[in-house]
Amino acid sequence: MNKFLLLPLVLFIALVGFLLIGLHRDPHEVPSPLINKPAPDFKLSQLREPNKTFTPQEMRGKVWVLNFWGTWCVACREEHPLLLEYSKTGAVPIYGVDYKDDRAAAMQMLDEEGDPYTLTASDPDGRVSIDYGVYGAPESYLIDRNGVIRFKQIGPITRDVWQKEILPRAKQLNQ
Amino acid sequence: MKLGARSANYMYRLMKRGFFLWAIVLVLAGAITAKEAQPNEDPKIEQRMKALTEQLRCLVCQNETLADSRADLAEDLRRQIREQMKAGKSDQEILAFLTDRYGDFVLYNPPVKKTTYLLWFGPFILLIAGTTVLYRYLKRRRELISDQPLTSDERKRAEEILRSEIG
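Protein chains in written order, with this note's numbering: chain A, 33 to 207; chain B, 439 to 605.
Hints are computed from structural coordinates only; laboratory data are not their basis. Backbone N, C-alpha and C define an ideal beta-carbon position, used for all residues, glycine too. The reader is advised that the hints may include incorrect statements.
[Said to hold, decoys possible] Restraint-style ranges between C-beta atoms, simulated for each label pair:
#	chain 1	residue 1	chain 2	residue 2	range
1	B	Thr554	A	Asp157	30 to 38 Å
2	A	Asp134	B	Ile566	53 to 61 Å
3	A	Gln195	B	Pro561	17 to 25 Å
4	A	Val42	B	Ile566	33 to 41 Å
5	B	Asp506	A	Asp58	39 to 47 Å
6	A	Pro40	B	Thr554	26 to 34 Å
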């Protein structure tokens with residue numbers, strides 16, 4: 033009998049436990065089905081030289097980061113100084129996709145605040161971003177030598193993310 | 439008393455009529471704004487798209503359907519769904535297009551597969567477990583309460599008590 037009387041209490045504690053775990057998880061972080069899948073191919077015009085194109089095919093053999101951003105995106109501006117700092121270390125090349133943005137505004141921002149990107153491509157109607165499953169900029173993808181996505185960061189890259197998630201993976205992939 | 443009941447009934451009818459009027463107004467308003475949103479589109483495709491996107495989650499405002507959301511991304515996705523429908527893609531192909539990019543999370547109606555077994559069958563398992571526990575508990579309790587027939591003395595006393603209570 034006593035065993036059964038304790039059951040509701042045990043169930044209640046379990047429920048509270050689940051709710052507590054739920055509190056610390058971000059429902060906006062949706063696991064991407066693209067992890068360990070080939071990065072979707074695209075051909076976009078370059079931001080600074082619109083008559084030139086960029087395609088991820090050119091990056092075969094390199095480990096690199098593809099970062100989706102826009103001048104309209106507040107969190108991207110937050111991330112910007114860190115990207116600048118990390119691009120200077122040269123550990124992992126960062127390429128940008130300017131997502132649903134005004135070309136002139138994007139170039140102006142990069143000129144004024146610094147340009148962390150080896151190259152930026154322009155995705156004015158957001159189609160490539162949809163192919164990558166972007167739903168809230170900034171989002172960043174770590175892509176390996178064979179063009180396979182190995183890690184996705186939803187939201188701004190923080191020091192923690194760079195040092196604990198991106199750098200170690202990039203080092204391992206470069207070996 | 440009667441008058442009060444009648445007037446209450448009358449009030450109820452008035453309210454009911456008011457409710458219906460409001461419902462009609464709201465439905466009409468919805469129809470008008472829906473028409474305004476996409477004046478040049480093929481109504482058949484719009485209808486099909488609405489039916490499909492009502493089962494899909496908008497990733498930006500996660501508690502809204504893709505049909506209702508005003509987020510930029512939802513608009514772009516609706517545009518792409520519209521294009522694919524015009525290109526003759528089936529609903530299944532369009533759903534695959536979306537889940538390839540955003541995962542099953544976009545589906546309000548998740549598919550039955552290994553990772554969702556608990557989601558689909560968990561409630562039934564809990565129901566069966568609950569019923570079993572309840573059944574066993576009740577059975578045990580019945581066994582604990584054993585029927586002991588009254589002795590003739592006790593019966594006499596019980597009848598006396600009953601009689602005095604009625605009297």
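inquiry  = I'd like to know which numbered hints this structure contradicts. Please list them from smallest to largest.
reply    = Those not satisfied are hints 3, 4 and 5.
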